[in-house]
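J.: Take a look at the letters that make up each chain.
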Amino acid sequence: MMKSLLTGATFALGLTTAAFAQDETTKVGFIYVGPVGDGGWTYEHNQGRLAVEEHFGDAVETVFVESVPEGPDAERVMTQMALDGADLIFSTSFGFMDPTINVAGKFPDVKFEHATGYKQADNVSVYSARFYEGRAVQGHIAGQMTESNVIGYIASFPIPEVIRGINAAYLQAKAVNPDVEFKIVWAYTWFDPAKEAEAATVLIEQGADVILQHTDSTAPQAAAQAAGNVATFGQASDMAEFGPYPRVSSIIDNWSPYYIARTQAVIDGTWESTSTWDGIAPGMVGIGEITDSVPAEIKASAEAMIESIRSGEMHPFTGPINKQDGSVWLAEGETASDYGDDGLAGMNFYVEGIVGDVPQ
Amino acid sequence: MIMLEKRPQPSQGWTLATPILAVLLTMLVGGALFAALGKDPLVTIRTIFYDPLFSEFAWYYRPQLLVKGAPLVLIAIGLSFGFRAGVWNIGAEGQYIIGAICGAAVGLALYPMESVFIFPAMVIAGALGGMLWAMIPGILRVKFGTNEILVSLMLVYVAEQLLASMALGTLRNPEGMGFPGSRNLSQYPSAANLELISGSGMHWGVVAAFIAVIFAYIMLSRHIFGFQVRLSGLAPRAAAFSGVNPGRLILLCMAISGGLAGLAGLFEVAGPAGQISIDFNVGYGFTAIIVAFLGRLHPVGILLAGGLMALTYIGGEIAQSKLGLPGGAIQLLQGMLLFFLLAVDVLTHYRVRFGQGEVA
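Residue numbers (the numbering used here), protein chains in the order written: chain A, 11 to 370; chain B, 146 to 505.
No wet-lab data here; the hints were simulated from the structure. The reader is advised that the hints may include incorrect statements.
[As the list claims (entries may be wrong)] Part of the chain B face toward chain A, derived, beta carbon under 10 Å:
1. Tyr206
2. Lys213
3. Glu259
4. Leu313
5. Thr315
6. Pro319
7. Pro417
8. Ser422
9. Phe425
10. Gly428
11. Gln465
12. Gly469
13. Pro471
14. Gly472
Cβ coordinates follow ideal geometry from the N, Cα and C atoms, glycine included.
Work out the full structure: start from the sequences and follow the hints.
T.: Structure follows, in structure tokens:
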């Protein structure tokens with residue numbers, strides 16, 4: 011016991027030696043909430059890591075730890091990476107937010123990048139993607155593909171990011187099909203093939219013939235394939251192996267350009283704390299191939315929508331839009347702001363027409 | 146020919162030797178597994194079992210062993226009473242969650258008041274919460290003869306749903322921009338369970354774990370309750386004749402295990418984790434079952450086993466980050482530990498004989 015008390019006193023001293031341990035190669039750490047083999051969220055972050063390795067070759071060394079619980083364990087893993095001489099650490103899940111801020115406070119010389127959060131610091135940047143732009147396209151296709159007029163939605167956690175996706179998809183589905191109805195199942199997980207499969211089965215039994223998912227495994231795709239007449243969309247990753255049907259398109263998270271740019275900034279010494287929220291236009295959100303299972307005219311109009319989002323002509327949240335309770339959210343022609351009251355960043359309400367409550 | 150012959154009494158020597166044998170076998174087979182994954186087995190084993198204790202950054206990892214091991218030991222000590230008496234509380238994970246919720250709720254309700262009584266009140270609430278949650282399977286078993294294994298396990302899932310609901314609703318941080326998760330208790334001085342000596346890893350939960358070990362040791366070896374517990378496990382009929390009230394014993398065992406699990410939850414939520422979040426629980430309640438058996442249900446054994454388990458977690462992360470070992474390999478290693486322990490347990494109860502078996 012005495013020993014650990016004494017060694018504890020040397021924390022500050024140890025940090026200085028850790029800083030000296032660096033050499034010319036830039037070390038970039040990644041901490042993942044799921045396994046790299048999830049085929050979705052973590053898989054794509056790992057693709058970004060591999061892209062960094064390929065781009066920089068021997069100049070950069072990357073390390074990663076997968077399936078890290080969000081909490082004290084994440085803090086320990088990041089501390090360990092920083093001690094081992096990491097210059098830049100990407101923490102790739104919302105729940106890593108407070109741990110990232112805590113560790114960043116102890117290592118002012120190490121740069122941190124936190125995905126999907128909102129807490130910045132001098133050495134902590136935040137970044138996320140405007141996945142809702144992709145959701146709008148999904149809603150546009152799904153609204154026209156459905157024959158039962160029931161679209162199933164496997165949601166993960168009721169956080170703004172997920173609620174934004176539901177709203178964006180619903181608005182576009184409703185625009186092309188006024189009779190459409192969304193059935194939403196909250197799985198309370200980002201990755202749990204068993205739970206996701208169960209959720210998909212429940213939705214199919216309730217008559218859904220299109221399923222959108224905001225969870226990362228391919229289990230819903232497999233469930234839809236087994237059912238035979240249910241269309242799906244790849245989530246986070248292309249999931250092309252389930253095409254051309256049930257998977258008819260996908261949202262692809264493309265982190266590679268961002269990860270390469272930020273690593274370059276650290277190498278050049280130009281890294282600054284920033285807040286990035288990129289969408290289809292800069293390529294952070296990709297739309298996977300729309301397969302031929304989608305009728306040609308729907309495919310054409312979906313592609314036109316992608317183009318108009320890319321050019322900035324279309325904003326998926328453009329008024330008039332009411333909230334679920336009927337109160338006005340956006341007036342005619344008004345587009346949603348990112349921040350502030352009723353901004354997209356903190357969205358916690360459904361738009362008018364969606365049945366059910368955001369879980370409290 | 147190899148024969149197994151039942152020993153009249155479990156072997157004292159093997160009782161002590163089997164955990165060590167199990168650890169050695171785990172290292173051996175684990176090493177083979179790492180070699181099959183293309184990693185140097187010796188380096189990997191050293192990274193997992195040696196580096197956290199004696200490497201360059203051991204001054205950081207040693208305190209972390211306390212942080213990671215304390216909840217495991219605290220819960221396992223509680224479970225060991227029941228397991229000795231044949232009361233199978235498998236739902237410590239749920240009791241851990243409820244303890245955290247109840248304790249955190251007391252702290253959050255009093256925010257931002259500052260008083261020395263707040264933390265003790267939270268501790269009491271945490272212990273009571275866990276205890277009451279454990280009483281449900283306890284009372285159902287005593288009154289209606291239900292199976293406590295099933296009921297306590299099922300209540301884990303109920304507790305998880307309750308946790309999600311609390312993080313999203315009742316206990317959500319009003320200043321959290323709509324994101325789930327409570328206020329950070331570790332930033333609320335009166336409620337924070339911080340390190341008692343900076344950098345030592347010692348927080349109240351670690352202190353409580355040590356006290357629990359001593360308390361359990363005295364209870365089991367010197368107190369009539371310990372005698373009743375042991376007797377009920379070894380010879381239920383004899384216990385009944387000697388005046389042990391089985392219902393009372395079951396309830397006491399459930400109360401002790403639930404209470405300690407609740408305490409572990411409270412110390413975690415007020416300290417290392419800091420907040421109630423949707424996935425606050427990371428499986429301590431289940432891992433503690435392994436720890437309890439690995440420690441032979443003996444308080445000192447549990448203390449050592451908790452330390453060993455914490456070592457595999459922390460060393461496992463270092464191995465992932467430094468050597469690129471997949472996360473699943475570490476989980477496999479931990480699973481192997483219990484597997485081999487149960488497998489070599491046969492030596493405690495049976496004598497191995499070589500040669501011609503006797504004809505009966």
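J.: Please go over all the hints and tell whether each is borne out by the structure.
T.: Hint by hint, here is what the structure shows:
no.: 1; hint: Tyr206; in the structure: 8 Å, holds
no.: 2; hint: Lys213; in the structure: 8 Å, holds
no.: 3; hint: Glu259; in the structure: 22 Å, violated
no.: 4; hint: Leu313; in the structure: 6 Å, holds
no.: 5; hint: Thr315; in the structure: 8 Å, holds
no.: 6; hint: Pro319; in the structure: 12 Å, violated
no.: 7; hint: Pro417; in the structure: 4 Å, holds
no.: 8; hint: Ser422; in the structure: 6 Å, holds
no.: 9; hint: Phe425; in the structure: 7 Å, holds
no.: 10; hint: Gly428; in the structure: 8 Å, holds
no.: 11; hint: Gln465; in the structure: 4 Å, holds
no.: 12; hint: Gly469; in the structure: 7 Å, holds
no.: 13; hint: Pro471; in the structure: 7 Å, holds
no.: 14; hint: Gly472; in the structure: 4 Å, holds
Of the hints listed earlier, those the structure fails to meet are numbers 3 and 6, in rising order.
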